[in-house]
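8 protein chains.
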Amino acid sequence: MTPERLRNLLDRVRQGTLGVDEALGELETLPFEDIEYARVDLHRKLRQGIPEVILGEGKTAEQIIGIAKRLLAAGQSVLVTRLAAESAPKVLSAVPELRHNPIARTVATVRDPAPRTDGPPVVVVTAGTSDVPVAEEALVTLECAGIPSERLFDVGVAGLHRLLEAVPLLRRARAVIVVAGMEGALPSVVGGLVAVPVFAVPTSNGYGAALGGLTALFGMLTSCAAGVTVVNIDNGFGAAMAVARLVQSERVKGPA
Amino acid sequence: MTPERLRNLLDRVRQGTLGVDEALGELETLPFEDIEYARVDLHRKLRQGIPEVILGEGKTAEQIIGIAKRLLAAGQSVLVTRLAAESAPKVLSAVPELRHNPIARTVATVRDPAPRTDGPPVVVVTAGTSDVPVAEEALVTLECAGIPSERLFDVGVAGLHRLLEAVPLLRRARAVIVVAGMEGALPSVVGGLVAVPVFAVPTSNGYGAALGGLTALFGMLTSCAAGVTVVNIDNGFGAAMAVARLVQSERVKGPA
Amino acid sequence: MTPERLRNLLDRVRQGTLGVDEALGELETLPFEDIEYARVDLHRKLRQGIPEVILGEGKTAEQIIGIAKRLLAAGQSVLVTRLAAESAPKVLSAVPELRHNPIARTVATVRDPAPRTDGPPVVVVTAGTSDVPVAEEALVTLECAGIPSERLFDVGVAGLHRLLEAVPLLRRARAVIVVAGMEGALPSVVGGLVAVPVFAVPTSNGYGAALGGLTALFGMLTSCAAGVTVVNIDNGFGAAMAVARLVQSERVKGPA
Amino acid sequence: MTPERLRNLLDRVRQGTLGVDEALGELETLPFEDIEYARVDLHRKLRQGIPEVILGEGKTAEQIIGIAKRLLAAGQSVLVTRLAAESAPKVLSAVPELRHNPIARTVATVRDPAPRTDGPPVVVVTAGTSDVPVAEEALVTLECAGIPSERLFDVGVAGLHRLLEAVPLLRRARAVIVVAGMEGALPSVVGGLVAVPVFAVPTSNGYGAALGGLTALFGMLTSCAAGVTVVNIDNGFGAAMAVARLVQSERVKGPA
Amino acid sequence: MTPERLRNLLDRVRQGTLGVDEALGELETLPFEDIEYARVDLHRKLRQGIPEVILGEGKTAEQIIGIAKRLLAAGQSVLVTRLAAESAPKVLSAVPELRHNPIARTVATVRDPAPRTDGPPVVVVTAGTSDVPVAEEALVTLECAGIPSERLFDVGVAGLHRLLEAVPLLRRARAVIVVAGMEGALPSVVGGLVAVPVFAVPTSNGYGAALGGLTALFGMLTSCAAGVTVVNIDNGFGAAMAVARLVQSERVKGPA
Amino acid sequence: MTPERLRNLLDRVRQGTLGVDEALGELETLPFEDIEYARVDLHRKLRQGIPEVILGEGKTAEQIIGIAKRLLAAGQSVLVTRLAAESAPKVLSAVPELRHNPIARTVATVRDPAPRTDGPPVVVVTAGTSDVPVAEEALVTLECAGIPSERLFDVGVAGLHRLLEAVPLLRRARAVIVVAGMEGALPSVVGGLVAVPVFAVPTSNGYGAALGGLTALFGMLTSCAAGVTVVNIDNGFGAAMAVARLVQSERVKGPA
Amino acid sequence: MTPERLRNLLDRVRQGTLGVDEALGELETLPFEDIEYARVDLHRKLRQGIPEVILGEGKTAEQIIGIAKRLLAAGQSVLVTRLAAESAPKVLSAVPELRHNPIARTVATVRDPAPRTDGPPVVVVTAGTSDVPVAEEALVTLECAGIPSERLFDVGVAGLHRLLEAVPLLRRARAVIVVAGMEGALPSVVGGLVAVPVFAVPTSNGYGAALGGLTALFGMLTSCAAGVTVVNIDNGFGAAMAVARLVQSERVKGPA
Amino acid sequence: MTPERLRNLLDRVRQGTLGVDEALGELETLPFEDIEYARVDLHRKLRQGIPEVILGEGKTAEQIIGIAKRLLAAGQSVLVTRLAAESAPKVLSAVPELRHNPIARTVATVRDPAPRTDGPPVVVVTAGTSDVPVAEEALVTLECAGIPSERLFDVGVAGLHRLLEAVPLLRRARAVIVVAGMEGALPSVVGGLVAVPVFAVPTSNGYGAALGGLTALFGMLTSCAAGVTVVNIDNGFGAAMAVARLVQSERVKGPA
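Residue numbers (this note's numbering), protein chains in the order written: chain A, 1 to 256; chain B, 1 to 256; chain C, 1 to 256; chain D, 1 to 256; chain E, 1 to 256; chain F, 1 to 256; chain G, 1 to 256; chain H, 1 to 256.
It is possible that some hints are incorrect.
Claimed, not checked - A partial selection of chain E residues facing chain D, derived with a Cβ cut-off under 10 Å:
| # | residue |
| --- | --- |
| 1 | Leu72 |
| 2 | Ala74 |
| 3 | Leu92 |
| 4 | Ser93 |
| 5 | Val110 |
| 6 | Gly159 |
| 7 | Pro168 |
| 8 | Gly181 |
| 9 | Glu183 |
| 10 | Leu186 |
| 11 | Val189 |
| 12 | Tyr207 |
| 13 | Ser223 |
It should be emphasised that the hints constitute simulated quantities derived from the structure, not laboratory data.
All C-beta atoms, glycine included, are put in the ideal place defined by N, C-alpha and C.
Excised from the complex, chain A in its bound form:
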């Protein structure tokens, strides 16, 4: 409910073109649709430039199908993340326009694509091969948001020469998403090499003292490279959304 819309509403009441009860109703009508187990937000894109995304984990295939159909019926894009392998076939047969990316664990369809930006790509970096699924989740999300991207995989700090070769690519990037498990050292090194925004994604790869990703998470948070920010463990989607906020904000407001 923006001030503009409120002013317009009050003006119509003032002019008598809108009754008090109608005004009340409009103030109370909210842009979501209530199904039994969810309130589907149909105006999120309007408010945030980002369509609503369905976190697949913790929902039944039936619930996911229900929400996806509601979004599609409202002409919105659909992105489901962290989809359980066993739910995918049900979801795909019920909503055939969705495309499945089993590595990224997503299904998606882009109805109303964001205008594709022409600037430099976002580079998505992984420390190892095991970090690829999380990187792919980020890449799918960027694609849904119309943001160009490039892959730079398996350049962990124990073999530094692989990373150093890619420094020019990283310096040209609009932003860098760095995905790493185990000790999570890669974002510190990347953050020290480039001045662009760096978003760090810890992964749950590793064993023992890797603590299911907490070690990488804490390491990234205490990074000695200033200005590196962090999202939840395995949350490739979140890092891509952080980039989407940045791109969306630049589009609307222009450069600094």
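Following the hints, put chains B, C, D, E, F, G and H in place on chain A, whose structure we already have.
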């Protein structure tokens, strides 16, 4: 060592204007100055657009003074964060051009100011009064980086009306830094209200189950608002540097 | 063993209408029945206004059936919570009068219903769709206790407009049970909007830094909204029982 | 902003007695007063029946004084909790109408006392002598809220006879607040003995495996007594506020 | 290698009845038998009055069979604890003299029974039905050690009357083993009621804040009842062995 | 309240030698004395053979003095543990018959000494010099309980020869209390060498990964030596009380 | 990129035998081969004397096969660790020259064996039978590195005589790898008995307070035996690689 | 007690030149001296090539002086680590031959210097200035052990060029000790660049998510660079002792 500089150097060797040994020397000469306990990075700004910042914690007043003098001698700005209260007088009397901000726990002087941007300000939000020192650290850092900012303090989620009033301000911001302790719920609410970049700073305020800031940190990392990213507990400096990366990147590359 | 019952017993001994040995026996006869693996409490309702509830987790189907039959034989209601999916068919075929709620993971039958209260309902709120099973456990428990309830699902803080619409409903409630996972911010926001009793239930939904519900739990415990109290992770039953204590106490003692 | 107030406002706009801009202004005028470091909520009591309370921890004496004066100037009561011993003299000399309770670590003055309820008292129980300060914080808070209370101290489970004697008192209580450190077993025992609302407060008393109160906290959360709810470690204030919500709700809505 | 045996050996060397090399050999011959993956201790009973016990967890069925056969061949008793359900049939068919207790997860045979003591029994107490398997592991172990025992199950603190009835039994016991999960409050209460040795066994029963038994463990360690000692989570065997040390010690040394 | 006492009381009521109200009074009169902040248990020794002990931590000097005087007035012994260094002079000057042991952090006086046992001593072992204060707390407690003891200090596992020399002493002991910090390995080694009861006391000595004693605690709980039991970190008192239970039990019941 | 190679390259540029662009190309050509999901390091042995090893965990069988083939094609040895049981058949049928060790969970082939050293063996010690798989991983790795080794299994500290017998073997060793779970005490004892390098490997064996190997890990890190160093939980490979660094370093540099 | 010494002793008994009782005595005489609070190990150097070192933390100045004097009286070297600042003056005035290093927090004197090795130095690396004290502790220890060393300070991964310059130095080192706090990434990078032994020392520098050094510790343990081993937080002494084991072992056994 950029490719351009390397090509230039190789060209000079080729032309015989640079001897092999000199070239070797140049390749090995690195832009830092070695004092007993530190290697002061005199070219960081060149590489990252961000001058080197001194983390005061864990350093003696003498070490801080030594590094600060070296930076000033090289014509660089100085920012010292997390300065112990008992070190401040020594540092200030030894390096009188530094200004002290006791709430932010910083001393700083800006020698070579970044060109001040004219765009919308960064809004620095706190949940409570106890979060103000961390917010002030962010504000000092933004000022050193030449980025305009605005305060929005004490708007925690338990009194939602205080925050809702400020939504237009938040929507106009270039980015929002949200500083909160205890349960750290504010970034989720802000992230759901605005589409601009949101950087969350957990603070160590609170007691018992606040776990010295870990509860706020974990809460922000699992925020249900997509694309909110997080820095270390009490790290106002880090959030401001994340904004600096974003602004610096826009300046250089233009909007998306 | 209340003082009144003790006085009465002593009076009867005094008057000679009760022998010393009989008195001893009565003092020692305790209102539970001993089966091999459990002491079934047949007088809990008498003492607490709440019939004994069987925690299904950690018990075999055979043990659950044994205890349920003993309670039914004593004319009591039965509520089994956290019933393993594989135990449900066995329990239902052995004790056919039980009704199964697979979402809530309960089986129950109400033999001796509490008189249904006519006051305002308890509102059970969830942040997301994944929190619904825990909310349903609370709703089943409230129903067993004869307490009217209403659902308000999927109103998490990242889409605040969904919650704000429901504020009048929440303010009219006898009590509010707020069920949320991830960062667990919803009880703080609800607690700041209403003055009625608020019971917060963290859920194990989320991943990574959600720490299996500990993040939501700690967040709720450090809530900046005063007077919000908390139960164990996923313990919808516990929150409903807290409401039952409140309702039971009001019934007996009248309003303040 | 209740629906009634909104309807009234819209009616006045309709009737022309309120201009659009004035209406906008009124919609934006929020009931708090902005001082540099805090937004003092002057209408909380109106909204919640509970005046705003100042958490002393993390605030300077100057900030506490500033907020307290603003509340007093608005005719509100003042309660400051977790006040640092060294701040107390400054606060008391600047705001002489405040009374200091050094054991409870509070200063308070009740300007606008809640009507004193006549019903049964709230019983505040401690397991040991070391838990008394937390219990006293609860007692001061109850007093500010006009709720009668009674003490039952040092009745920990290792000497069960001390507790059993008091069962009749506990059964008559409007609610019981149980304060315990170390293993935090007392709320389970009390919760099994009485049917009234039980609010458990873990304390940081104990050493080693007591983990600064986390052991008591976790123990209370996993209590085998159903319907016991829990607040943060050492948060006597929070438990009292939970009781205040209950009493306030009963007053307004009548018994079930 | 006791001093007596050493003296005897040295005497024989002195007298020339034992050659230096033989003496060396004897000194080096140690009372265990080396199989590929284990050194089976054939003299433990001699040294400790307790035969060697096989921890089944982490060993293959083949390894368990190999060790058990070696012990039996040496005329020793066998007790295997924490035996995986899928290993039991293999072990039983390979070593038919073993008896299986599936609830306790043990197989055992007593070849060389300790003389049965006639004194008061050890009472094994559980808080709930879910704690029974751990209690049964303790009971099997006590039986192998020839120590008489008695069961007292499902007497958790939330229904205190069930425990109070049994106080005379507990006071007569040689020792009490208290098995409890969730908040683990029962050993504190028992420890406060009786003066006999109390060994507390936390179990992994419970969910959420029960932390897989850590909450019960920490609670028991911080018990306010003095002199209660604790073993590892679910370690019924360990508690029984503590009792065996006590009984063995009394047998050898007589009462204090 | 034993059955015998209850029977006697009922008999007297039956015979008319005790009035109903007097009987009620007697049933309600409990053997503790209520001072403002504590209920001093004057009959603990009667019930447990162990006088009440005052945990000094968390109590003011005034509270300690109050409780100690009450115990002395009732003719009981006094033992105060974990007494803050700054409280000791106040306590000693107010209650001059107490003796101070500054290393053990205790004050004590034995009024009613337990009959000194003549059997083998309890051996109190430490891994290092830093563990001595905790060992001394155990030794003071044993002395108060009339149990003979012997010291074996600084025999940590990194210098095994120091321990091996003492094996005969350890094998003769009535029980062994093993006090160790850091990795806490000593109880495993001792437990493997002797068959007598072994009580392990982790200490908070060490740094970093010692985690304030948690590492030693967890190590002792997972000891590969069967039947070793554990008390809280730094709880020398608790280990001595476990021995007191054992000795007390043997005295009353005779050997097995 | 060593200085020598750089000098040689610059010399060739100087002499005109290498063009600037070729020189640039050579400087940028890095010794790895890029496949879709991995950058296979073909020169690691050159740089480190250790061929690249594939961590099987977190990679699909297809990815492992792809990397292994690339390494074999480059004439390198292959070692895959932590290979999932279900991946082994696929990998073995696709790359038949690999040998499978199911206990160690490795597949390996040594193409280019390191010259076998003749010195004293590395002794790999385990505390128990359950620790054998981790020890075998170390042994396979040592074999790949051409380092002679010897087994000493099941010599945990609870049966010290088994270890003491082996002291001469341990003292003769080039290095000792000590593998232990539960309380992880063995490295402290071994470290106190021998002066050779001791590398400790905690294992995830044990339950409850063993915390999945964290207790052993922390115990080893706080070992009272000086100079014992530690690797990750279950990381037998890492300990063997530490030995390989030591042996490789001695070979190149000679003794101290 | 080595086999050789045992054989010699037995030979003398055989020949009658040593009586049985004397032999017994000799077998029992152990090379330590017992003072009240410590058993000073006077033969450690003989057994391990490393003199006994006194951990200052947790000992009083008096105890440190007592042990140091005993060692000096036996002609041994003395090294005290982690000496409290307030104890240093007392220790130095009582034992004037000790030299104090306040940054390293050590006092030491080398009586019986190890023969100084001539090989390549050990390089001690720090990530930042705050890590210097821990590095200095390692350097003092190396000096006591007669091992040459070199400093390479403040070369953290956020400014990679500082480290890359030093690669040749690192590759020539006998071993590298890497000291780093915060995210602890430096050992991974160093371990990937060099093949020599790398010992990682996490420090407690950093705040918030640095968790007092645990984050660096866990990061180093999960390092993606193979064969890096780790010591306790801030344990510079331990890393130096690991190097001493390596050097000592090479001296005695020669290269592989």
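Query raised in the report: Which of the numbered hints above does this structure break?
Result: 1, 2, 3, 4, 5 and 7
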